[in-house]
Amino acid sequence: MEAPGLQIDPAKCTGCSLCVKACPFGALTLEPREKFDLPESRFKRIAVVNEACTLCGACVPTCAFDALALDEIERLGDERIEDYRGVWVFAEQRDGQIQDVVYELLSRGRQLADERQTELAAVLISGDLTEPPAALGAWGADRVYWARDPRLAEYNTDYYTQIMSDLIRAHKPEVVLAGATSIGRAFIPRVAVRVRTGLTADCTSLDMDVEQGLLLQTRPAFGGNIMATIICPHHRPQMATVRHKVLAKRQLETGLEAEVVPVAADLQPSLTKILEVVHELGNQVNLAEADIIVSGGRGLGAPAHFDLLRELARELGAAVGASRAAVDAGWIPAYHQVGQTGKTVCPKLYVACGISGAIQHLAGMSSSGMIVAINKDANAPIFDVADIGIVGDVFEVVPQLIRALRER
Amino acid sequence: MHIIVCLKQVPDTNDVRIDPETNTLIREGVASIMNPFDENALEAALAIKDAQGATVTAISMGPPQAGDMLREAIARGADNVYLVSDRAFAGSDTLATSYALAKAIRTLPAADLVLFGKQAIDGDTAQVGPGVAELLGLPIITYVRKVTVQDQQLEVERAFEDGFERMSVPLPAVLTVLKETNVPRMASLRGRMKAKKVEVPVLKAADIEAESHHVGLTGSPTQVIRIFTPPKKQGGVTLDGSHGQEAAQQAVALLRERKVI
Numbered sequence: 014m015e016a017p018g019l020q021i022d023p024a025k026c027t028g029c030s031l032c033v034k035a036c037p038f039g040a041l042t043l044e045p046r047e048k049f050d051l052p053e054s055r056f057k058r059i060a061v062v063n064e065a066c067t068l069c070g071a072c073v074p075t076c077a078f079d080a081l082a083l084d085e086i087e088r089l090g091d092e093r094i095e096d097y098r099g100v101w102v103f104a105e106q107r108d109g110q111i112q113d114v115v116y117e118l119l120s121r122g123r124q125l126a127d128e129r130q131t132e133l134a135a136v137l138i139s140g141d142l143t144e145p146p147a148a149l150g151a152w153g154a155d156r157v158y159w160a161r162d163p164r165l166a167e168y169n170t171d172y173y174t175q176i177m178s179d180l181i182r183a184h185k186p187e188v189v190l191a192g193a194t195s196i197g198r199a200f201i202p203r204v205a206v207r208v209r210t211g212l213t214a215d216c217t218s219l220d221m222d223v224e225q226g227l228l229l230q231t232r233p234a235f236g237g238n239i240m241a242t243i244i245c246p247h248h249r250p251q252m253a254t255v256r257h258k259v260l261a262k263r264q265l266e267t268g269l270e271a272e273v274v275p276v277a278a279d280l281q282p283s284l285t286k287i288l289e290v291v292h293e294l295g296n297q298v299n300l301a302e303a304d305i306i307v308s309g310g311r312g313l314g315a316p317a318h319f320d321l322l323r324e325l326a327r328e329l330g331a332a333v334g335a336s337r338a339a340v341d342a343g344w345i346p347a348y349h350q351v352g353q354t355g356k357t358v359c360p361k362l363y364v365a366c367g368i369s370g371a372i373q374h375l376a377g378m379s380s381s382g383m384i385v386a387i388n389k390d391a392n393a394p395i396f397d398v399a400d401i402g403i404v405g406d407v408f409e410v411v412p413q414l415i416r417a418l419r420e421r
Numbered sequence: 012m013h014i015i016v017c018l019k020q021v022p023d024t025n026d027v028r029i030d031p032e033t034n035t036l037i038r039e040g041v042a043s044i045m046n047p048f049d050e051n052a053l054e055a056a057l058a059i060k061d062a063q064g065a066t067v068t069a070i071s072m073g074p075p076q077a078g079d080m081l082r083e084a085i086a087r088g089a090d091n092v093y094l095v096s097d098r099a100f101a102g103s104d105t106l107a108t109s110y111a112l113a114k115a116i117r118t119l120p121a122a123d124l125v126l127f128g129k130q131a132i133d134g135d136t137a138q139v140g141p142g143v144a145e146l147l148g149l150p151i152i153t154y155v156r157k158v159t160v161q162d163q164q165l166e167v168e169r170a171f172e173d174g175f176e177r178m179s180v181p182l183p184a185v186l187t188v189l190k191e192t193n194v195p196r197m198a199s200l201r202g203r204m205k206a207k208k209v210e211v212p213v214l215k216a217a218d219i220e221a222e223s224h225h226v227g228l229t230g231s232p233t234q235v236i237r238i239f240t241p242p243k244k245q246g247g248v249t250l251d252g253s254h255g256q257e258a259a260q261q262a263v264a265l266l267r268e269r270k271v272i
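Protein sequences, first through last, are from chains L and V.
Residue numbers for the first sequence follow the numbering used here, beginning at 14 and rising by one.
Residue numbers for the second sequence follow the numbering used here, beginning at 12 and rising by one.
Since the hints were made in silico from the structure, they are not lab data.
Hints are not guaranteed to be accurate.
Claimed, not checked - Below, a list of computed lysine-lysine pairs in the DSSO-like style, where the Cα atoms sit at most 27 Å apart:
hint: 1; chain 1: V; residue 1: 60; chain 2: L; residue 2: 286
hint: 2; chain 1: V; residue 1: 60; chain 2: L; residue 2: 356
hint: 3; chain 1: L; residue 1: 286; chain 2: V; residue 2: 157
hint: 4; chain 1: V; residue 1: 157; chain 2: V; residue 2: 60
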């Protein structure tokens, strides 16, 4: 009846199944009491926990009979967490340009640092830059640690891991934030393991328990069906990657300058080599960073019909996305795919055209700021998440949308 | 050449539904499947085996029922499988999981290549592949969409948001692969027959010399303190689009009013 960590009191459990339903991991089942050596009871069944239990605690408050309890488990950690001070943001650049998500992270990071009455620093790893790093001061950075070397012009997991880990060990920040980009998600996990701390991926909100200095990291799981708030109580720094567009940008004042601290890049040779860099998107808008996305699904019926969506996208200054059905049908290349096996996006406006809204698609876009859905089937699940649902034929509605947008 | 593929058994999200009354996931009758991206990792290993010969070992950390998934890996063509399973691992976060898998990999014959899927569809963290690479001290390339092996050297395409890089790395190395890498094969009838007879060996904490303070809850820096269902969208507007023009104008007016466009 017990795994290490979760206790089920046989004297209190009535076999009512409330906890079984509440468990997100299927770790609780009801079994006949007679299978176990238990005292007599008027109830026939008892809740049993299996190995799938992650000790998340979701079941505990659902029990009406106080039969469930989580053990207090002693965890290993750094005893000197009070030595760690300051909030850091990884200032990701690509081709010398600071990425938008960095400004979002600095804006939130500034607030978190103020709440903790501490400093905000950016870590910049680059070759040459289009803007001086001191300009990050306008976004709240007090300081920029800048590792600059021609070998750092292109992303390299080994170099980035080494520089970030060494900086963390030397300066001991309490919080390290990075964008959940294909770079952040590639090397930050390696950094977290090297400095032996916790990391929460893909956060959609960050809060601070000021007194305890705990970063409350909230992220979706199970394709966005549930949200989990995660803490890292006994290890520092507290590390998180954060999705694009979920945090608001707040520029303080242009002209504010951050102190720039040069970092000597004493790089161990890397075994991975870049043979060729290929930009495929050309002038198209990058899905992950787009403010507006127009997406098409099975309802479009044919590859040529994506031209209609491209026209709408041009009118809105939007990127073009697609559901898995449209990609699998070969109507549009895979890098346009939004959803669980494609990209997770969070634009200000998402226009879903002829997309029914399978759970895998919703997982990739349901946190968008505003969702417009156009579908013939009034019962399509996409309408459950839509702010504006238009029940109608895509081929009638979309041309009218384009016309209405041109009227002004 | 020895290739180790790390697989995770996950709930099939096709089956996942929300109970509208309790606002929780309905798990009853939800099938467990091989994580879709891990299918691509397994296929990448089997394709190398077909092309130039290799021993493919599939391992998984999870509860005993994950053994079924490892049998599926045998049916598709894996040579060996191991289930890394112990009650002591319960509650492991990505650091503790990386530790246990790295320990398990070290107890097996030395690997030339370790493969992971891009991420698991239940947790979506993409952290265990890089974590294992770090603990094994091996180079890693993530988000790989094409793999070729020649003379102890890997050549891969690594996807970015706006394109890709062609990269090379000498073996041994770790890769995490995308769906675009390949199309996973089905198990052959012969494979299925073979898989039926396989007893999946279990590696317990002691077998991989995992120290107790590095696994399970004790070895996990992160802690889930709250799980909740995201609030349902309120106040959505439904427009009748049977006369496209009117609905379109209303929609555009609403978007302009809310300053979205």
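Hint-by-hint comparison with the structure:
1. V:60 <-> L:286: holds (25 Å)
2. V:60 <-> L:356: violated (30 Å)
3. L:286 <-> V:157: holds (16 Å)
4. V:157 <-> V:60: Holds, because 16 Å separates the two Cα atoms, which is no more than 27 Å.
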